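Visitor: Sequence:
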Amino acid sequence: MEIKALIIDDEPLAQDVIKQYAQKLPDLTIAATCSEAICAHKILQEQEIDLLFLDINMPKLSGISFLRNLKNPPLVIFTTAYSEYALEGFELNAIDYLKKPFSFERFCKAYYRAEEQLLLRENATKANVADKKAGDFLFVKSNKKTYKVKYEDIFYIEGLGDYIKLHIKDNKLVTNLSMKKIIDLLPEDQFYRIHKSFIISLDKIDSVEGNLVSIKGNKLPIGNSFRQDFTEFINRFLAD
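Quick note on my numbering: the sequence shown kicks off at 1 and runs consecutively.
By construction, these hints were calculated from the structure, which means they are not laboratory data. Please read all numbers here as calculations on a predicted model, not as lab measurements. Note that CB positions come from ideal geometry on N, CA and C, so glycine has one too. Check the hints yourself; a few may be wrong.
Claimed, not checked - Beta-carbon label-pair distances, calculated as ranges: (1) E122 with P12: 29 to 35 Å; (2) N143 with E105: 46 to 52 Å; (3) D27 with D170: 41 to 47 Å; (4) R113 with K150: 37 to 43 Å.
Claimed, not checked - Here are the computed lysine-lysine pairs in the DSS-like style, where the Cα-Cα straight-line distance is at most 25 Å: (5) K109 with K19; (6) K19 with K60; (7) K181 with K196.
Work out the full structure, taking the sequences as your base and the hints as a guide.
Guide: Here you go:
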């Protein structure tokens, strides 16, 4: 499995060490680096990150304070020169605590712990998703109510940071789910992700023109990283 990581550290040298170590591990991709926690929060809203390499002693907002304020944090490996924070770090369910300077061997030990946890989560999710996909609907919580939503009533789904908005027949529901989670819950043959912020119902497509998909008068953008796969998918159904 590919693991996407974010480095949050105000020391360029520390960032470089983690990048160099990560390059030696084929399944680990460094999606971005940040020198402060505020910048990292924006990236977490825009991208799906599996793992944080998080420094503790940073300007403006410490790594521990940053982690405490995250609603649905990725797995975390703390990286710091100060061992006195170790206990507090583990109380926040950190996977490991790397004291600078750390060797490649020690880095690998921490990474493999994170990888094991992510694999366990993935397997549990797959089993859960298999059960939930057996029907033609799902349940979502919105505005203190639980709604039964039929797949056939969903037009498209819009990502809103830590939330998503389901555009359905005669209604719009906002619920606390990630785009990654909801796409796993949906039937693969009925829905397609065309953008980091949009999942569409294939049955509800009116037209595709350039980089836009039209659904019931709404023009939805096709993201650069999704364009090739979506174009190839559409081409399979073109009449000769």
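Visitor: Run every hint past the structure and note whether it holds.
Guide: Hint check:
1. E122 with P12: 29 to 35 Å: Given range 29 to 35 Å: holds, Cβ gap about 33 Å.
2. N143 with E105: 46 to 52 Å: With a Cβ separation near 51 Å, N143 and E105 satisfy 46 to 52 Å, so the hint holds.
3. D27 with D170: 41 to 47 Å: 44 Å, holds
4. R113 with K150: 37 to 43 Å: Holds - the Cβ-Cβ distance for R113 and K150, about 41 Å, lies within 37 to 43 Å.
5. K109 with K19: The hint holds at about 16 Å.
6. K19 with K60: 24 Å, holds
7. K181 with K196: 13 Å, holds
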